[in-house]
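Participant: Protein sequences appear in the order of chains G and E. Read in order, the letters of the first sequence are residues 1 to 230 in the numbering used here. Read in order, the letters of the second sequence are residues 1 to 613 in the numbering used here.
Do not rely on the hints blindly, as some may be mistaken.
Reference excerpt, derived from the structure (chain E facing chain G, CB under 7 angstroms, subset only) [said to hold, decoys possible]:
{"id": "1", "residue": "D12"}
{"id": "2", "residue": "I21"}
{"id": "3", "residue": "M25"}
{"id": "4", "residue": "V251"}
{"id": "5", "residue": "F253"}
{"id": "6", "residue": "G305"}
{"id": "7", "residue": "E308"}
{"id": "8", "residue": "N480"}
{"id": "9", "residue": "G549"}
{"id": "10", "residue": "A553"}
It should be emphasised that the hints constitute simulated quantities derived from the structure, not laboratory data. Even for Gly, the Cβ is constructed at its ideal location relative to N, Cα and C.
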Amino acid sequence: MRMIVAFEKTERVRHIGHLDLLRAMQRALRRSGLPLRYSQGFNPHGMLSFASPLPVGVSGAEELMDAALEADVPEEKFRERLAPAMPYSLPMLRCRAVSDAHPKLMARLQTASYTAALPVSSGSEAMAASIPGLLERDVIWAVRRTKSGEKSCDIRPMLHALDAAVGEEAVVFACRVSLTERETLKPTLLLETLAGQAGIPWEEHAASVRLRRECLYGEKDRLPVALYDL
Amino acid sequence: METAARVDALLDSVQRPARYIGGEMNAAAKPWEAAAVRFALCFPDTYEVGMSHLGMKILYEIVNSRPDTLCERIFAPWVDMADLMRGRGVPLFSLESRRPARDFDVVGFTLQYELCYTSVLAMLDLAGIPLETKDRGNGDPIVIAGGPCAFNPEPLHAFIDAFCLGDGEELIGEVLDAVRAAKAAGEDRLACLSRLAAVEGVYIPAFYEATYQTDGRLDSFEPKRAEAKAILRKRVVANLDAAPFPQRFIVPFQEIVHDRIMLEIMRGCTRGCRFCQAGMLYRPVRERGVDTLLSLAEKLLASTGYEEMSLSSLSTGDYTRLEALVRRLSDRFENSRVSLSLPSLRLDKDLHESLALAQKVRKGSLTFAPEAGTQRLRDVINKGVSEEDLLRTARDAFAAGNGAVKLYFMIGLPTETDEDIDGIVRSARLVSDEYFKIPKGERPRGLRVSVSVSSFVPKPFTPFQWAAQDTMERLREKQNRLRAGLKAVKGAAFHWHDPQASFLEACFSRGDRRLSGVLLEAWRRGCRFDGWSEQFRFDTWMEAFAACGLDPAFYANRERAGEELLPWAFIGAGVTQAYLWEERARSLAAEVTKDCRESCNGCGLMEVCFPCA
Ligand code: SF4
Chain G
1 MRMIVAFEKT ERVRHIGHLD LLRAMQRALR RSGLPLRYSQ GFNPHGMLSF
51 ASPLPVGVSG AEELMDAALE ADVPEEKFRE RLAPAMPYSL PMLRCRAVSD
101 AHPKLMARLQ TASYTAALPV SSGSEAMAAS IPGLLERDVI WAVRRTKSGE
151 KSCDIRPMLH ALDAAVGEEA VVFACRVSLT ERETLKPTLL LETLAGQAGI
201 PWEEHAASVR LRRECLYGEK DRLPVALYDL
Chain E
1 METAARVDAL LDSVQRPARY IGGEMNAAAK PWEAAAVRFA LCFPDTYEVG
51 MSHLGMKILY EIVNSRPDTL CERIFAPWVD MADLMRGRGV PLFSLESRRP
101 ARDFDVVGFT LQYELCYTSV LAMLDLAGIP LETKDRGNGD PIVIAGGPCA
151 FNPEPLHAFI DAFCLGDGEE LIGEVLDAVR AAKAAGEDRL ACLSRLAAVE
201 GVYIPAFYEA TYQTDGRLDS FEPKRAEAKA ILRKRVVANL DAAPFPQRFI
251 VPFQEIVHDR IMLEIMRGCT RGCRFCQAGM LYRPVRERGV DTLLSLAEKL
301 LASTGYEEMS LSSLSTGDYT RLEALVRRLS DRFENSRVSL SLPSLRLDKD
351 LHESLALAQK VRKGSLTFAP EAGTQRLRDV INKGVSEEDL LRTARDAFAA
401 GNGAVKLYFM IGLPTETDED IDGIVRSARL VSDEYFKIPK GERPRGLRVS
451 VSVSSFVPKP FTPFQWAAQD TMERLREKQN RLRAGLKAVK GAAFHWHDPQ
501 ASFLEACFSR GDRRLSGVLL EAWRRGCRFD GWSEQFRFDT WMEAFAACGL
551 DPAFYANRER AGEELLPWAF IGAGVTQAYL WEERARSLAA EVTKDCRESC
601 NGCGLMEVCF PCA
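Go ahead and model the full structure; you've got the sequences and the hints to work with.
Facilitator: Rendered as structure tokens:
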């Protein structure tokens, strides 16, 4: 059987890269003594996969990993063993047992919600004010920088929700964007485009944005459903 | 803003931010307010280097297991982070609670190599702690330091309030007790240092005075206060098996230099290699029992989840029950996917069986350290290894399917001639020949004889402490000779060290108090992370020496006479100066001194080795 595990990547450790996180989880499972399944072959590794790698610098409120187990373990027992084996900066939230036939997390991932906090300034407030204008557009051209150069593309179909709350210290933007193998909208590209809409130079704000992935979603009846529950 | 938030705000703009985040598995999170004494354990190098150091782990565990004390880690911020911190006024901070170093009662440095000294200054400066002892006041932390370099503390005497000599397991507790008592009694700094001076193995440089002769040699070294002892004896943990060893290690997120469980199986070495400072400083040999080690290994694996384990000591091949240990470890962890690696294997023991066992678990390249290229020079340095030992081990390695061999040598050893240099080339050639003697198809693929050659640095408390280091020109000539010779050896790759760095290391390893001024000057002129070749600024160092009116060659390239008062003579390191001088004479006569496990050579530690005699 497999266990879907939800954990938080706290803000403190947002700079851990994906491979380091994977290694940390492998070690957490070893500490837990739970019967993780290992791959065959010359260099066996624990069969652990993530729904989606989180970029360096981004924290995650509910990240998902999928652990293949050699033997059945009840959810409650799994949690009892793994939770204390996780570093406090990566607390385990919940877990759900699924059969080996359950689709891979990555295969059903459709969208993700993010929050992005920017310090309050005339710029970030102007960006917040430009949201309705951006959402009204049928086509939103954005410039994507890839290894092979710059590419213009329409990000409108990948943008599912966007709003902002202006607080005392920060303007917090919340969005839900596509996150699949074929279509991914990076929240930073969205913010940059929004800054363009507001006529604000994004470079001045890019360094101070604090990103957090809030939730990963699949889809059921064309509606977003938390991937964990799907 | 609080320091923690200000630190956090920097991390999006630095290289390798994971160095500064903390939050690792098994990192302590003790409540600040509840601790009577707060200890900042500092390593004057990067996170990856410092976290690989076993002594840090041992001290961290000991201090944090005291109910009245908390211990947090601080590493040297890399240059980008340090500059950013300085620019934004963010003070040096601890990894655990991200508090300013200044807020701790004791700031303790571990000194593993001389080229980290500018990092000590850089860290104190970032911390906002006055650099010099004399400028510190009652509100400043007590700055202490320990580790092998504390055995010649003089170059740092102006910056460190108290040096701790020898094994730290018991000593650290006594130091913290003294600070706690001084704090509870509301005593001033001087009273606290006086309390510390009473602790066996603690040296308070401010309580002593040194004078110099006109030619620069030390003239006198005297205590100037009643509580300052004339001779400072190092601490020795008599029973290593009973000494504390961590049952958990912090598990870093990012990869570090030694990212594995290190089991200290033994401390000390009785071989008596004459160039080796560690061999003399950590005497006598003390072993941990096989059962103790097995139980530690089990607990460490459970608490860390590490997938690799290594045995740590100066001379693992000398551990009396090595085969039993290796066999039991590999039996016990056979099904736990743990690999076992055996570092620093000696050549002269029939380790065939142990090796075969280790290979079953993990295949890596084998390392041998003949240190010198001819039998004569090996006798001079008392490295009890023969050519046949080298070749047999190489054969064993090749037979076990291992084509990569690493050989370690030194150049610049006392009495060395070109013949000895050519001997290094010859050794590499013989190893290479052994490989080609095995028929093609039977031998492992990809011969690699890596020949690593460092430059000899004479160290205090060795029989070579009086010797002159080769000049940099002479070292370069020898390197050129080696490079040319090794070109003709099939499969050989030559690795060398920068003679400039070895020269500076030689100055500081046998330096006196006046080098504090040079250090300060070099640091002010921008020297930092000198152990990192890309940061090392030799010319600036030479300018600093010149600005202080001191000649570095006086320290590095000068042969000392037997009656010269050495700057570290007041330290009782166990091994006596008389014994070292005697060993020096034997060395010059190329006379070998036997391993003292067979019979005592009277080096000076008889009280510890034969407590009942
Ligand atoms: S006192 Fe004797 S046995 Fe002990 S370390 Fe010295 S030489 Fe060896």
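Participant: With reference to the structure, classify each hint as holding or not holding.
Facilitator: Hint-by-hint comparison with the structure:
At a threshold of 7 angstroms, the smallest CB-CB gap from E/D12 to chain G is about 6 angstroms, leaving the interface hint in force. With 7 angstroms as the threshold, the beta carbon of E/I21 comes within range of chain G, its nearest partner Cβ sitting at about 6 angstroms, so the hint holds. Because the closest C-beta pair between E/M25 and chain G is about 4 angstroms apart, less than 7 angstroms, the hint holds. Taken as an interface hint, E/V251 checks out: its beta carbon lies about 6 angstroms from the nearest beta carbon of chain G, inside 7 angstroms.
Taken as an interface hint, E/F253 checks out: its beta carbon lies about 5 angstroms from the nearest beta carbon of chain G, inside 7 angstroms. Taking 7 angstroms as the C-beta cut-off, the interface hint given for E/G305 holds, the closest approach to chain G being about 3 angstroms. Nearest Cβ of chain G to the Cβ of E/E308: about 11 angstroms, over the 7 angstroms cut. The hint is violated. Because the beta carbon of E/N480 sits about 42 angstroms from the nearest beta carbon in chain G, more than 7 angstroms, this interface hint is broken.
Taking 7 angstroms as the C-beta cut-off, the interface hint given for E/G549 is violated, the closest approach to chain G being about 47 angstroms. Annotation: interface hint on E/A553 violated; nearest CB of chain G at approximately 46 angstroms, more than 7 angstroms.
Of the numbered hints listed earlier, those contradicted by the structure are 7, 8, 9 and 10.
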